[in-house]
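> Chains L and Y, in that order, are what the protein sequence lines are. With the working numbering, the residue at position 13 of the first sequence is 13, and numbering never jumps. With the working numbering, the residue at position 57 of the second sequence is 235, and numbering never jumps.
Source of the hints: derived by calculation from the structure; they are not laboratory data. All values reported here derive from a predicted model rather than from experimental measurement. Take these hints with a grain of salt, some might be off.
Taking lysine to aspartate or glutamate and the DMTMM-like style, the derived pairs with C-alpha atoms no more than 25 Å apart in a straight line are [claimed, not checked]: (1) L:K65 with L:E103; (2) L:K105 with L:E126; (3) L:K105 with Y:E580; (4) L:K123 with L:E54; (5) Y:K356 with L:D121; (6) L:K140 with Y:E582; (7) L:K105 with Y:E581; (8) L:K91 with L:D62; (9) L:K105 with Y:E318; (10) Y:K356 with L:D62; (11) L:K140 with L:E58; (12) Y:K356 with L:E126; (13) L:K65 with L:D121; (14) L:K105 with L:D62; (15) L:K105 with Y:E582; (16) Y:K356 with L:E54.
Across the chosen pairs, the derived CB separations fall in these ranges [as the list claims (entries may be wrong)]: (17) Y:M371 with L:K65: 57 to 65 Å; (18) L:G67 with Y:V229: 38 to 46 Å; (19) L:F16 with Y:T400: 45 to 53 Å; (20) Y:S451 with L:T3: 26 to 34 Å; (21) L:S127 with Y:Y286: 51 to 59 Å; (22) Y:V361 with L:H129: 22 to 30 Å; (23) Y:L279 with L:P73: 33 to 41 Å; (24) L:T7 with Y:S396: 56 to 64 Å; (25) L:Y15 with Y:F272: 31 to 39 Å; (26) Y:G503 with L:R147: 52 to 60 Å; (27) Y:N430 with L:P73: 52 to 60 Å; (28) L:I8 with Y:W328: 46 to 54 Å.
A few chain L positions that, by computed beta-carbon distances, are all more than 10 Å from chain Y [said to hold, decoys possible]: (29) A10; (30) E75; (31) G107; (32) V145.
We put the beta carbon where it would ideally sit given N, CA and C, even for glycine.
Chain by chain, the residues:
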Amino acid sequence: MQTSTYTIMALAMRYFFIIVSILIVIRAYMWLFQNRRARLQQTRHVQGRGAAGEFVVEEGNDTLKPGHTLLIPWEGSIGASQGCDIILHGKAIAREHAYVFYEKKQGLRLECASLRWCEVDGKVIESRHPAILHEGSLVKIGEIVLRVHLFLDAPPSRKGLRRKKPRHRKRGDADETP
Amino acid sequence: MKRRKHPMQSEDGMVLLIMLFYFIGFGMLALRDLRWQGAVLMILVPMGIWVGTKGIASIFPADRLILALINDLCAMGILVLFDTHPSLAYRQAFYYGIGILGMLGCMYMVRTIPYFGRGILPVAVCSLVLLALPLVVGRETNGARNWIYWHSISFQPSEIGKVLLLIVLSECMYRQRKVAGIVFAMACLALLMLQKDLGTGLLYYGVTLLLFYAASGSLLLTGIGCMGGAGAAYLGYRMFAHVKKRVAIWKNPWADYDNSGYQIIQGLMALASGRWLGMGLGLGAPTRIPVYETDFIFAVICEQFGLIVGICVLLKYLALIWRGGEIAVQARDSFHALLCLGATAMIGLQTFVIIGGVITLIPLTGVTLPFISSGGSSLLSSMMLMGLMQGVASLNADAQREEEAVMLRQ
Numbered sequence: 001m002q003t004s005t006y007t008i009m010a011l012a013m014r015y016f017f018i019i020v021s022i023l024i025v026i027r028a029y030m031w032l033f034q035n036r037r038a039r040l041q042q043t044r045h046v047q048g049r050g051a052a053g054e055f056v057v058e059e060g061n062d063t064l065k066p067g068h069t070l071l072i073p074w075e076g077s078i079g080a081s082q083g084c085d086i087i088l089h090g091k092a093i094a095r096e097h098a099y100v101f102y103e104k105k106q107g108l109r110l111e112c113a114s115l116r117w118c119e120v121d122g123k124v125i126e127s128r129h130p131a132i133l134h135e136g137s138l139v140k141i142g143e144i145v146l147r148v149h150l151f152l153d154a155p156p157s158r159k160g161l162r163r164k165k166p167r168h169r170k171r172g173d174a175d176e177t178p
Numbered sequence: 179m180k181r182r183k184h185p186m187q188s189e190d191g192m193v194l195l196i197m198l199f200y201f202i203g204f205g206m207l208a209l210r211d212l213r214w215q216g217a218v219l220m221i222l223v224p225m226g227i228w229v230g231t232k233g234i235a236s237i238f239p240a241d242r243l244i245l246a247l248i249n250d251l252c253a254m255g256i257l258v259l260f261d262t263h264p265s266l267a268y269r270q271a272f273y274y275g276i277g278i279l280g281m282l283g284c285m286y287m288v289r290t291i292p293y294f295g296r297g298i299l300p301v302a303v304c305s306l307v308l309l310a311l312p313l314v315v316g317r318e319t320n321g322a323r324n325w326i327y328w329h330s331i332s333f334q335p336s337e338i339g340k341v342l343l344l345i346v347l348s349e350c351m352y353r354q355r356k357v358a359g360i361v362f363a364m365a366c367l368a369l370l371m372l373q374k375d376l377g378t379g380l381l382y383y384g385v386t387l388l389l390f391y392a393a394s395g396s397l398l399l400t401g402i403g404c405m406g407g408a409g410a411a412y413l414g415y416r417m418f419a420h421v422k423k424r425v426a427i428w429k430n431p432w433a434d435y436d437n438s439g440y441q442i443i444q445g446l447m448a449l450a451s452g453r454w455l456g457m458g459l460g461l462g463a464p465t466r467i468p469v470y471e472t473d474f475i476f477a478v479i480c481e482q483f484g485l486i487v488g489i490c491v492l493l494k495y496l497a498l499i500w501r502g503g504e505i506a507v508q509a510r511d512s513f514h515a516l517l518c519l520g521a522t523a524m525i526g527l528q529t530f531v532i533i534g535g536v537i538t539l540i541p542l543t544g545v546t547l548p549f550i551s552s553g554g555s556s557l558l559s560s561m562m563l564m565g566l567m568q569g570v571a572s573l574n575a576d577a578q579r580e581e582e583a584v585m586l587r588q
């Protein structure tokens, strides 16, 4: 192609590239915002979403009455500090007293911070030796006794997850929210 | 009658727009030079974008927005390189294919190995050995001894070291072994200082600090870390002559405009001559900028397509970082959250460091623009970082499906 012809074409096509680039960016951000909105709507309507289960207070104190529920995050800390995910106030409760976390193979587990006292189903939990929390397990932290209610029935296996996948969902959609 | 969805309203609309951009781009270059390679790329690159976005997402549980964005950025690199240096473009396309395999490998690793536990020790040792290799068998290039050459193949171990650093740091922070993580990061930084690879050192340092803050939440210790970094930067400035030179160029590139400041000045001229609309694809003189294919590829984009497209490229990186942040926040445990946050921060920081260097916001360092700059090691490591992010995204999607199933049963 002649240089002058190509120059005219390239100059004219600049506008095309700019418009398409802007459209791509707009589409990308719309995609981001729509996903975010869909997820927020979903979380608003479903109680306990994003949590592994809940603690139901069996024996409380002045600050926490029996029957009160506390959501258990997939991973978080329990203690008297405002920075903890589950805040418990009591005489023998430290600022960071224990940790809960979820592992695929073993399910939800509770680990006591070093030099702290925790009990699960009457057994004392040692530091760095986490206990598995089952449905109905009784956890004693300080003077507070909590009963575990899990939202999941059992530690799920990856095989199980595949079987549970609803049919109407597209395969391979990591970001889709219904 | 069922109304048909307009393509622009669906998610496919974005992928179609990206394909159209590169179909026209490669088509124009094929017409200019009347070369069959251009015509082949005109078909292959849009096809690769389609397969790389829709195809991969239909087989593997990947995040489609991330796939679309990285395919777009990689194709931009291939297009600009094809215009200026075609053989580099073919190499880049080949490494892109390798990068896709690396990304899938990392994604599979994140899905199959939930935690490393004691297995992290061999990974850490491997990482240190990899970083020490250039000191033994490496060759000095542009003031830094960070490359290994074997026959016609060159390789930068510190690029792969980024991925290993993230894995080791995330595991250490997750297991509450922060001191071990910091010691490992300091050993990596010491090796990079010995190689005089300060640009990569800056990335390692920034990501380590961010992960430490995310894991500990301690502003005081992070502040002390920042001050330590500032002290190390000052020490680096005093110790290394090429750092002093780069700072001097950054302060006033016009002082030595035909020698040490030549590269920066040519880059600034390219940015200025492109203006808002650009000079047009295939026009201008981007090859005047020394090492334009790695350090100054952003200036080449701005010269040919204009500042508006340059800003669009930055917004695409921002979207990628935003998405990475969202995935990290949604992660079910802190190991995966830290892994994803680290990968996002690494890409974000690298983009800031190189673009900041090109527009003289900060002194220029020899890092590449992720996905776009020419270079196999860089592209592979960027794709592997995206693989870590994709792996966490797919685990989040699994967890979400599982929660929905439980909620439906209740």
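> Which hints from the list above does the structure break, by number from lowest to highest?
1, 5, 6, 9, 10, 14, 16, 18, 20, 21, 26, 29, 30
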